[in-house]
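Chemist: Could you put the whole structure together from the sequences, leaning on the hints where they help?
Number of protein chains: 2
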Amino acid sequence: MKRNTIWLAALLFLAAACQEKVTSNQQRVVTDAASLQVALDSAKAGDVITMANGVWKDVQIKFGGKGTEDAPITLQAETPGQVFIEGESDLKFGGEYLTVSGLYFRNGYTPSNAVIDFKFDKEQVANHCRITNTVIEGFNQMSRDRKDHWVEFWGRNNQMDHCYLAGKSNEGPTVRVEIKGRRNIKNFHQIVNNHFGPRPRKGGPKGETIQLGDSFSSMSPSNTTVANNLFEECNGEVEIISSKTNFNEFRNNVFYKSEGSLVTRHGNYCTIDGNYFIGDENSENIGGIRLINTGHVVTNNYFYNLKGKSFRSPLAVMNGIPKSPLNRYNQVTDVIVAYNTYVNCPSPWQFGVGTNISQKEVLPLSEIRSARPIRTVVANNLIYNEQGDTAPVVEHDKADGVTFASNFIQNQGVRFDERQGLTSTEMTLDKVGELLYKPTTASAVEAYQGFEFDQFKTDIFGNSRTNDTSIGAMIKAPAADPMILDKGQYGAGWFSNEKETKEPSMIDVHPEGTDLVDKLASAEAGDVIVLMPGTYTLTESLVINKAITIQSKDENQLAEIIYSGAAGTPAFQMNPKGELILSQVILSGTGTQQAFASLEQNMSSHYNLRVKGCEIKGFDYVLKAYKETFAEEISFANSTLRDCQNGIELSQETNDKGDYNVEFLTVEGCVFDNVKANVIDYYRGGYDESTIGGNLSVINSTFTQCGGKESNGILLNTRGIVNVNLEDNTFKNNSVKLVALLWGAKNNTHANNQISNSGKIVVQENLKLTLVY
Amino acid sequence: MKRNTIWLAALLFLAAACQEKVTSNQQRVVTDAASLQVALDSAKAGDVITMANGVWKDVQIKFGGKGTEDAPITLQAETPGQVFIEGESDLKFGGEYLTVSGLYFRNGYTPSNAVIDFKFDKEQVANHCRITNTVIEGFNQMSRDRKDHWVEFWGRNNQMDHCYLAGKSNEGPTVRVEIKGRRNIKNFHQIVNNHFGPRPRKGGPKGETIQLGDSFSSMSPSNTTVANNLFEECNGEVEIISSKTNFNEFRNNVFYKSEGSLVTRHGNYCTIDGNYFIGDENSENIGGIRLINTGHVVTNNYFYNLKGKSFRSPLAVMNGIPKSPLNRYNQVTDVIVAYNTYVNCPSPWQFGVGTNISQKEVLPLSEIRSARPIRTVVANNLIYNEQGDTAPVVEHDKADGVTFASNFIQNQGVRFDERQGLTSTEMTLDKVGELLYKPTTASAVEAYQGFEFDQFKTDIFGNSRTNDTSIGAMIKAPAADPMILDKGQYGAGWFSNEKETKEPSMIDVHPEGTDLVDKLASAEAGDVIVLMPGTYTLTESLVINKAITIQSKDENQLAEIIYSGAAGTPAFQMNPKGELILSQVILSGTGTQQAFASLEQNMSSHYNLRVKGCEIKGFDYVLKAYKETFAEEISFANSTLRDCQNGIELSQETNDKGDYNVEFLTVEGCVFDNVKANVIDYYRGGYDESTIGGNLSVINSTFTQCGGKESNGILLNTRGIVNVNLEDNTFKNNSVKLVALLWGAKNNTHANNQISNSGKIVVQENLKLTLVY
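So the sequence lines, in the order shown, correspond to chains A and B.
Just so you know, we're using our numbering here: the first sequence kicks off at 3 and counts up by one.
Just so you know, we're using our numbering here: the second sequence kicks off at 3 and counts up by one.
Treat the hints with caution; some may be incorrect.
No copy is singled out in the list; a pair is fine if it fits within one copy or between any two copies.
[What the hints assert, rightly or not] Using 30 Å as the maximum straight-line C-alpha spacing, the simulated DSS-like pairs for lysine-lysine come out as follows: (1) Lys325 <-> Lys182; (2) Lys459 <-> Lys182; (3) Lys46 <-> Lys64; (4) Lys770 <-> Lys678; (5) Lys521 <-> Lys501; (6) Lys659 <-> Lys182; (7) Lys459 <-> Lys124; (8) Lys325 <-> Lys124; (9) Lys400 <-> Lys182; (10) Lys478 <-> Lys400; (11) Lys309 <-> Lys504; (12) Lys259 <-> Lys478; (13) Lys400 <-> Lys325; (14) Lys521 <-> Lys548; (15) Lys678 <-> Lys504.
Keep in mind that the hints were calculated from the coordinates and are not lab data.
Modeler: Rendered as structure tokens:
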């Protein structure tokens with residue numbers, strides 16, 4: 003018995019030792035959700051859990067446990083990018099020193115409020131956790147109003163790095179840092195080296211790429227760092243980054259053709275240093291930095307080719323509301339804007355942005371932004387214009403609380419509103435890299451030494467400012483082009499968002515049988531369906547869920563599509579990601595259908611529609627867009643729309659939260675004849691000064707016998723749309739009271755329209771709208 | 003020549019060395035303002051400048067220069083306390099490492115906005131400067147509405163220590179820390195070891211003892227420390243300390259019988275640790291800590307014998323305004339109240355303080371405090387009641403956002419509103435020192451371990467909490483009584499505010515000649531003028547500028563004073579610091595004078611008036627108080643007021659900024675007969691929820707034939723007065739519409755009044771008032 007006991011003891015000892023060894027540095031490969039969760043629940047510091055390659059569908063990962071700084075617990079993909087998280091899936095961190103790497107979220111959406119959440123619940127938050135080398139792409143909820151965040155930060159000292167996130171179309175910032183609750187303040191989160199790929203326009207607010215806190219937590223210290231990221235075409239809304247807490251830092255990020263600004267929306271004492279804002283000749287929507295609140299320091303930033311104005315100007319310093327409500331606009335005070343460089347940015351500095359003193363009659367006093375910036379210093383900045391600018395400084399309200407000192411401008415001899423502290427001088431311009439230029443003053447200039455300016459120790463490239471009094475963002479060029487737009491420097495190493503361009507196939511289709519339906523279904527995105535002459539009779543909707551062009555073979559002998567499907571169904575059913583160009587086609591209904599319509603629900607992504615040279619007749623609606631649907635672009639060109647009960651209907655966002663159904667609606671060279679109601683009905687509701695959307699252009703078109711059944715007596719309904727242009731049109735014998743009721747305070751214009759027996763165009767300066775906030 | 007050169011060099015070297023020596027440690031005594039300024043302007047690090055003993059009148063000291071940490075420049079009194087700064091004088095710091103010591107500011111006021119200012123101007127502020135061992139006493143502006151501060155902090159790292167400040171009566175906090183402008187944030191000022199002596203009631207807002215910033219700078223970090231100070235009878239207004247910035251610390255201060263609270267009025271994340279709040283059985287005005295905003299930590303505080311309620315309760319946690327305007331009330335969030343001890347404080351914990359949901363009809367929505375505290379923890383506190391309390395927790399609004407944990411109460415078996423986290427238990431009470439008691443639970447209790455509670459490392463006395471799970475403010479008593487009320491521990495070492503009590507002299511006065519006038523003028527404060535029987539005829543006002551009693555010798559044969567001075571002049575002219583007790587005297591006018599009146603201006607301090615057993619008749623006014631005058635107490639007892647055009651008129655603060663003319667107005671056992679207008683006219687205007695004043699008591703009095711000429715038809719005018727009690731009075735044959743219009747929402751009551759042919763008493767629940775802010 004004794005001998006047995008000894009043996010048993012030895013065996014147990016070995017087993018324990020073995021166990022210990024396995025436990026202390028375990029490597030496990032898991033292949034399904036259940037075993038994954040078991041592995042996670044038992045993981046110890048230093049463990050590595052590997053998810054097998056393949057599609058993981060409907061998986062909710064809860065990653066708790068406690069790693070250590072030296073030995074985190076790691077969850078990784080077998081091959082980075084080959085572990086696909088799809089369906090209703092999410093990932094939650096709820097422990098310490100946990101790392102997740104290499105996942106690819108696609109073809110699905112989160113069943114919770116976040117795709118990646120740094121908490122289990124408000125008590126159990128993550129600390130020192132990290133998501134890296136991961137992609138989230140198009141992981142959208144089924145409807146636009148269903149809000150979520152793709153990454154939600156809670157706790158402290160968490161990090162997202164080398165990730166790629168793109169394509170979010172539903173409500174809610176892509177990344178949100180939450181600091182409600184003491185566990186989440188002073189968090190020092192790091193959002194670094196990521197690639198934020200294109201985020202499409204959302205068509206209303208709540209489409210930020212990053213939001214740090216909210217107004218209700220705007221008194222708390224967050225200390226979040228956003229650095230070295232690329233923001234590419236982040237067009238969700240007017241704010242790319244909405245900083246709403248204190249002491250955040252934004253360093254060395256590149257904003258590339260992104261329609262919005264970095265905005266210090268709430269909160270104070272943020273640092274914005276060494277960032278690049280690169281614009282586009284053709285877009286006035288690309289902005290720079292918009293400042294609200296107290297104590298921010300804006301240094302060493304580079305602004306290139308930005309054409310944005312007002313809210314979207316390269317530097318927009320806003321007016322505040324005196325004694326502002328917590329969720330509105332505090333006055334700008336104690337701000338420094340120093341050592342920045344502006345190249346080819348018209349009117350780069352705009353002050354008193356958002357002043358709305360003139361709208362006192364339609365707004366409550368608590369909405370009137372009349373408090374001008376004070377105790378603000380703008381110094382040691384350079385402006386270089388290849389084309390002279392008559393107004394480099396725009397004062398929407400007086401900039402009398404701003405001190406300008408030692409700013410210099412090369413303005414090609416063009417006179418401008420000179421002022422003390424902004425002096426014209428000769429400069430040369432040297433290319434430092436792609437889209438990167440360094441202006442240098444021809445003669446030495448003296449830098450202004452403001453309070454604590456000695457703390458600005460380096461330039462945008464990290465060159466020391468010690469013993470160098472250069473102004474502007476750059477002291478000297480780096481040895482090599484820093485390649486700020488080299489996408490390889492950002493995001494997941496295994497992922498590229500560069501798509502190969504494919505030559506479109508031209509697919510001939512004949513009128514007989516189901517040839518059109520079949521070939522449309524099998525066509526690839528980008529293909530062109532070519533309709534042979536003849537009549538195409540359809541009884542079911544054509545589903546458009548990819549980019550497709552449908553055009554007649556012979557422009558002298560147009561193909562005709564006759565749709566006789568069920569009442570209330572569309573000839574063309576626009577699905578998510580559907581992009582239709584319909585060209586040179588006659589499209590007829592039998593009076594009860596829609597020519598084009600979105601899905602009634604589950605429009606998880608936007609669609610586009612371009613109609614050129616077509617004739618559309620005999621429908622209940624030409625276009626019917628349902629609620630929570632969005633198109634970036636809808637255009638009708640050189641087409642005839644006639645004998646329809648309703649025209650172009652894009653007015654379903656009636657809850658007045660600032661949303662709308664299409665970004666750009668363009669009608670050019672068209673004929674509207676006998677369209678009885680909703681001829682053009684385009685609506686955006688809610689007072690929301692930072693929704694700068696809705697764009698309607700109606701040019702060179704003719705409207706006759708239209709609008710007779712329009713209940714409000716207005717032919718073209720544009721209520722709440724910010725940008726409207728009616729030009730060179732003819733309105734004749736339309737039985738309406740008004741052709742249009744335009745909004746004078748916004749960018750609504752009309753010119754050279756011929757109106758007879760059709761009412762008139764009225765401009766109302768101020769519109770009374772429901773407050774969104 | 004060579005030899006000469008060498009000699010010259012040697013000489014120059016010596017001279018330089020000499021110069022160096024003198025410069026490096028110069029000691030100068032100065033005797034007048036001009037030489038003082040010369041000395042200051044040329045002072046170098048390490049220098050000491052001594053002001054000669056004596057009175058320095060109308061001196062404005064500008065102290066610039068640069069000392070160093072090791073060698074500050076010092077300005078000192080020849081003998082501390084013997085350098086008297088009087089007249090229109092002030093002191094400004096505008097350099098670095100400067101120390102001022104031993105001065106005594108009295109008999110004057112500042113011609114600028116501060117007596118001691120830590121700046122020359124907004125660009126040139128003080129850093130590392132110090133005022134110490136100095137007294138400012140009664141250094142008041144001539145009128146109440148002329149605002150100033152006695153000490154204004156600007157810059158960074160400045161200090162006030164071992165100073166005594168008392169008696170400020172005009173508008174403006176005694177000490178104000180300014181943080182507007184980047185030079186003044188993160189200032190780490192130290193306000194330590196001072197004695198804040200009595201500050202009289204101001205009679206309206208803006209009478210704080212310390213105010214840190216304001217709402218407009220409430221987003222900025224201040225990091226000011228207020229520690230180890232004694233606040234004695236700081237009664238200026240409802241806020242003793244008004245913290246309006248972030249990250250301030252209040253440690254180990256003693257608040258002794260001070261009518262107000264330490265209030266986190268704006269700003270966030272303050273630390274309130276180890277303070278003593280000592281009350282008084284007889285006062286409901288003495289408060290504790292009132293919380294507004296986010297992130298405060300309240301630990302280790304001791305509350306004793308506080309009878310304050312609501313705004314003034316020992317712990318008042320306020321309701322906020324949703325989306326509050328910047329200058330109003332943010333919601334309480336993320337607050338911790340832990341390890342505090344409450345001894346003999348009825349209803350110490352009050353939540354939802356300031357809720358005014360019921361006043362929606364008279365207030366704009368932006369004034370409605372409906373946002374209850376959230377994410378707030380109240381844990382590990384002890385309550386000890388010698389008399390059981392039926393409601394230790396008062397919920398003005400629901401405390402459903404507050405987590406209570408491990409709080410214990412000794413309630414003498416009295417049932418109370420028990421809840422989870424507040425448990426009745428047996429305790430003993432041990433005396434630790436004067437007014438200092440330590441409750442101990444009879445059996446061990448378990449402390450709640452909240453998030454970051456491990457950071458509460460010590461108790462109120464500095465005992466370590468490591469390995470000790472005791473709850474309440476005290477782990478164990480210190481070896482000896484800490485003598486928290488020993489005034490020798492605070493303020494200037496050479497100064498004591500303890501006054502010797504003097505036995506009053508009884509001064510007999512005869513009716514003849516100017517005996518009364520002469521003896522009144524020569525009497526000392528506290529003396530009693532005794533009027534022999536007879537008639538005293540006066541043609542000039544009697545000036546009352548000290549504490550004096552005037553009474554008849556024989557109560558069966560009352561002396562009569564007949565005043566026949568100019569129309570509109572008073573028999574008794576109340577001057578600053580005048581305190582009159584008029585007892586058993588007949589006072590007659592000739593119809594055009596005032597019996598009592600304040601000065602029309604220059605009332606730099608308050609006055610008091612008590613009338614007992616007198617008959618007053620034949621005046622235009624019984625009492626006329628002018629604007630910007632203030633009495634702490636006015637009373638009429640057992641007196642008859644008859645045949646006057648006007649009665650008691652205290653209604654001059656008509657600019658509706660919350661001010662009023664008397665704190666306590668008491669009428670008891672009086673007869674009002676044929677007083678035609680302004681019978682009692684007492685007014686406070688402006689909606690200001692934190693002015694808790696105006697106190698009117700009218701008891702057991704009779705009014706007949708009064709008010710007939712009152713234009714508004716109300717006999718007793720009390721508009722805006724917060725505390726009104728009308729009880730046991732008789733109103734008969736007064737030709738008015740109303741006896742009184744009371745304010746139901748405030749503490750206005752009436753009981754047991756007999757009213758005949760005099761209208762009625764109406765109670766209006768809500769009063770519509772001008773907003774003060």
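Chemist: Decide, hint by hint, whether the structure agrees.
Modeler: Hint-by-hint comparison with the structure:
1. Lys325 <-> Lys182: This pair counts as both: shortest intra-copy Cα distance 23 Å, inter-copy 15 Å.
2. Lys459 <-> Lys182: Between copies only: 25 Å across, 34 Å inside.
3. Lys46 <-> Lys64: Answer is within; shortest intra-copy Cα gap is 15 Å, inter-copy 66 Å.
4. Lys770 <-> Lys678: within (28 Å within a copy, 54 Å between copies)
5. Lys521 <-> Lys501: Classified as within; 24 Å inside a copy, 105 Å across copies.
6. Lys659 <-> Lys182: within (24 Å within a copy, 36 Å between copies)
7. Lys459 <-> Lys124: between (40 Å within a copy, 25 Å between copies)
8. Lys325 <-> Lys124: Answer is between: at 23 Å across copies they meet the 30 Å cutoff, but 32 Å inside does not.
9. Lys400 <-> Lys182: between (37 Å within a copy, 21 Å between copies)
10. Lys478 <-> Lys400: neither (35 Å within a copy, 62 Å between copies)
11. Lys309 <-> Lys504: Neither: 32 Å inside a chain and 82 Å across chains, both beyond 30 Å.
12. Lys259 <-> Lys478: The answer is within: 25 Å in one copy meets 30 Å, while 66 Å across copies does not.
13. Lys400 <-> Lys325: both (19 Å within a copy, 28 Å between copies)
14. Lys521 <-> Lys548: Answer is within: at 13 Å inside a copy they meet the 30 Å cutoff, but 107 Å across does not.
15. Lys678 <-> Lys504: neither (43 Å within a copy, 101 Å between copies)
In this structure, the earlier hints numbered 10, 11, 15 are contradicted, and the remaining ones agree with it.
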